[in-house]
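The lines below spell out each chain.
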Amino acid sequence: MQDFISGPLVWIAFFVMIAGSVYKITAMIKAAKQEKVIMPYMRLSFSLRSLKHWLLPYGTRGMRINPVMTAYAFLFHICLIATPLLLAAHWKIWGIQFPTLPGRLADLMTVIVIVGGVYFLQRRILVPYVKNVTSAADYALLLFVTLPYITGFLAYHQWFDYGTVITIHMLSGCLMLMMIPFTRIAHMLYFVFTRAYMACEFGFVRNARDW
Amino acid sequence: MPDYKDWNWEPDKKIIADVADIGNKYSEVHEFVVSGDGEKIAVPVKTGDGEFTACVNGELWDARFERLWYPRFGPDARLAALVMSDDEWTVGVDGSVWDEKFEYVWNTQFSADGGRIGVQTKKNFQYSVCIDGKPWENTYLSIREFQMSRDGATVAVLAQLEELSEADVFTFLDGTWGVVVDDKPWDDKYMNTWGVTLSDDGRHVGLQVRVDNMKYGIVADGKLWPEIFAHVWEPGFRPGTGSLLAPVKTAGGFALYEDGSPIWDSRFMQIWKLVFSPDANRVCAVVCPEFGRTTVAVDDRAWDITFADVVRDQVFSPDSARVAAITKDNNRWSICVDGKPWPVDFDMVWKPAFSHDGSSVVAKGEQDGKYFVAVDGRVWNQPFEMLWEPIMSPDGAKVLLRYVEGGKYCRRVMPLNEIK
Amino acid sequence: MKYEPRPEVKDDGLDESIKKLTPEKIKETIRFALDKECGARLKVYMDTCVHCGLCATACHQCISHDMDPKYAPVAKVKDTLVEIFKKDCKVSPEFMKLAARIAYIECGGCRRCSMYCPFGIDIAYLLMVVRRICSMLGVVPMYLQDTTNSHSVTYNQMWVQQDEWIDTLQWQEEDAQKVVKTARIPLEKEGADIMYSVIAPEPKILAQLLANAAVIFAVAGLDWTMPATDGWDNSNMAMYSGDFESSGRLERLHHETAMRLKVKKIVMGECGHAFRGAVYDGPRHIGQAYPAVPVIHAIEFYHDLITSGKIKIVKKFKKPVTVQDPCNTVRGRGLGGKLRDLMNWLCEDFRDMNPRFEHNYCCGAGGGVINCGPPWTRNRVVANRTKGDQINATGAEVVVTPCHNCHSGIEDIIKEYAPGTHVKFISELLVDEGCMEIPEHLRPGGD
Ligand code: SF4
Ligand code: SF4
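Chains as they are written, first to last, in the working numbering: chain B, 5 to 215; chain Z, 1114 to 1533; chain X, 17 to 463.
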């Protein structure tokens, strides 16, 4: 069991994640071509001009007027992506040596993901206009996304039964990977494209800024 | 159409009027118009305080009006203008005015030989038409389109036939607009009616209608084609026949239909502006093969070349073999003949014309505020201050130029091969 | 905080129209609209939205309602399209009535929220899809539908008869000559450089604006014309009601008319949505990526006349002035900078709004909202307290806005929130307030 999870399952998860993402993006581009009114207006320069603002913290007015949310959103997403990628323990599965994060820093980043998750959770519960559009699926998603980090944190500190915790950790990690293309986590994939489209509709077509 | 073979086609240059002098003589000089044969040039001028008349070849009409505008030469070179005296409007033709007066008149139309002249009229907030000074007996709530047959014997209008109170969206759905032919309204009413057209002999009437919110159709002689469409554009009769063609939007895209059935296999994103060949056997249209690209399709075959902005004003050669059209790409206007674009472009270009044998195409172009004549893609290095569309002679060897140069309006017939 | 339910509003266009609907007809229509007319955008937006609510802080309607969740942009989608998907298009006539209210009244398609959504989700587009469905079903606020009907019959939005149009121009030409003796409104002048087009309220209720235009053209010495046929009205409410067939038809005639007159460009009067219709939506509705004839908005036009020296500014308007950026000229054309230039050139005491430029709040009237007519006026004013606050914060006595919708919308708003304030067009500053020089030799009596 343990062997399967840390071996083939990881491979499967990555395969599903990558193949699924490629499929989703190809399907999106195909659909965009069919919709006629999208591709004729896409321009790389205008996309990059706008994305620059959207990828930098506080690069847009919206980010500046919601400073706390912006801080959480950036830290959460950076740590969410960077921590697993730069953690030595993960690369060991593949037998690769890599300049990786010191454990203490990775631990801190994991905590940031968890705290970010809690922040988003309280927003969903306490802010009426967020609560109104939040469904059970949104809570579930938050749980699935943070679970690998919560269990990673527990495993690192060897709280509870390490064997069980690490199993859940690996399972939930694989699950999350596989969920990326097929759930709302796909916003990770679509972000560049939806933003670029708007950037072109604003910038190229309408000579206006969208940040 | 008066036979243009009868025009003076002797190679010659004639100064007809001193345009600069007219400009100096009157405090207001409006827009010049010229007759088809080039023999006359007319303009509304202000002759005194609140006093206007028409100046033709430098001579004034006798009558004076509070307003005179929209002077237009008919095909027989008679000049009709819309005139107002004592707050009443009517039509002045070559200096004499119709007896009948109206609250308003507009949209002058001529029959093909110019023999009949008609306008839309308004009196007591009711709308009608008046032909050669004789108004229809009935009046209507509104009239928006007005068509005369080639012989001028038949007149069709689109008229509002039912009262519609403010914001009454429900009565509107039931249909308030219809067709009136020679002052007799048809029974059927529609949500919308557009593009009324008459066959050459005036015996057939066709138009686009909207029968329901999302349903469009083509009506021929009062009968709706059985098929209903997602959209339709202006229909047209095949010359000399009662056969009606129209671009209609079907599930697969726009299609060209004749008398209710498809005649082209191709489907396009857009089809409009049908033009028939003189022999009536061929038809061409402006089409969009894909979003954002437009071109001409002749008998179901689109040109390979497409344009980003505009294609319009297609013409067939007199022998029905060739097609030329105006194109615009990247905001530059040009001409394309049988899918081959001219190597020159202009700030603006006018409708091209073929020589009689179809071998040459001539067009008027504008560049940097000057006007030029171009033949087969070559621009004649002779700028004009004003220029009207060149007309090819019946034998195709000469061209009639109507232009202003050095303040003088000239009529010049010159051999085509001298334009270089 | 306790939020009030939506106030009851009677509108036959919604209340009566839904009586004719059956669930089958609704389902069939929605299916057609979603399957045949929508594609990548709809799908990707629906899959991408993470329900973060960041768009809520962008919408003037939501802010004006104290962040009432139902007015959040994302909620408007949730209560319409998401519900439709959830129910597999099996929704009731009553549902369609609410959907119409949300799409036509509670969103003006201003697109401000797409600048606050991290993904740039085009909520305005999504709600336009809802409008399209409503229009196909005939569930459209009565006055907006009537405007669309007018467009479909007359090609103008106010049932202006052909003779009324020409007559008004001729009479305004006379008025213009009282200011500049050489002023003309040259009708049907083939080959002029410019075709000037306006929206129907100008001949119908604000005719002096036409005379103002004639004065400006005369002083600048430009070669221009106006058509004496249908096709003169550049407004387009059909694109807002969701009747894209009529929208395409009228925009086609507008550009066809310009091409028939052989002009090189269309200059349009001070209107925002008309610019959108003529330049973006209209051409797309007939398969064109770009407008057939280049279209210049009045802001750009005046800016160009002043910088090129064709008209001269000789006087500055004294009263404190602020400016309303029309959505369709700022988010729709990036003309915020040029508008500021004009304000600074024309006004002594110009006080800018905050936020401004692309971030300006919609007037609340655009997107067809004001055309939904008297039943919804109160609603519209309540839904844009934000704009009232924004204007009050400037302390200005005059709000200048180069847009007819903004003009009327702001007038309603200041009546409620900033009494004593007035609204003006730029041409009124130029001509009526005498900011523009009228050379002595052009004045009546001068030589
Ligand atoms: S009104 Fe403007 S900000 Fe509000 S939902 Fe509509 S597009 Fe977004
Ligand atoms: S800001 Fe964008 S992602 Fe967030 S709720 Fe609004 S539309 Fe959805």
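Just so you know, the hints here were simulated from the structure itself, not pulled from any lab data.
Mixed in with the good hints there might be a few duds.
Said to hold, decoys possible - Straight-line distance between alpha carbons at most 25 Å, and here's what the computed DSS-like set of lysine-lysine pairs gives:
id: 1; chain 1: X; residue 1: 59; chain 2: B; residue 2: 34
id: 2; chain 1: Z; residue 1: 1127; chain 2: Z; residue 2: 1521
id: 3; chain 1: B; residue 1: 135; chain 2: X; residue 2: 94
id: 4; chain 1: Z; residue 1: 1362; chain 2: Z; residue 2: 1386
id: 5; chain 1: B; residue 1: 135; chain 2: X; residue 2: 59
id: 6; chain 1: Z; residue 1: 1521; chain 2: B; residue 2: 40
id: 7; chain 1: B; residue 1: 37; chain 2: Z; residue 2: 1362
id: 8; chain 1: X; residue 1: 280; chain 2: B; residue 2: 34
id: 9; chain 1: X; residue 1: 94; chain 2: Z; residue 2: 1328
To be verified - A few chain Z positions that, by computed beta-carbon distances, are all more than 10 Å from chain B:
id: 10; residue: 1206
id: 11; residue: 1229
id: 12; residue: 1250
id: 13; residue: 1265
id: 14; residue: 1273
id: 15; residue: 1324
id: 16; residue: 1328
id: 17; residue: 1352
id: 18; residue: 1403
id: 19; residue: 1405
id: 20; residue: 1415
id: 21; residue: 1443
id: 22; residue: 1450
id: 23; residue: 1481
id: 24; residue: 1491
id: 25; residue: 1493
To be verified - Derived, one-sided and incomplete: chain B residues facing chain Z with beta-carbon distance under 8 Å:
id: 26; residue: 37
id: 27; residue: 44
id: 28; residue: 112
C-beta atoms are modelled at their ideal positions from N, C-alpha and C, and glycine is treated no differently.
Numbers of unmet hints, in rising order: 6, 8, 9, 18, 19, 26 and 28
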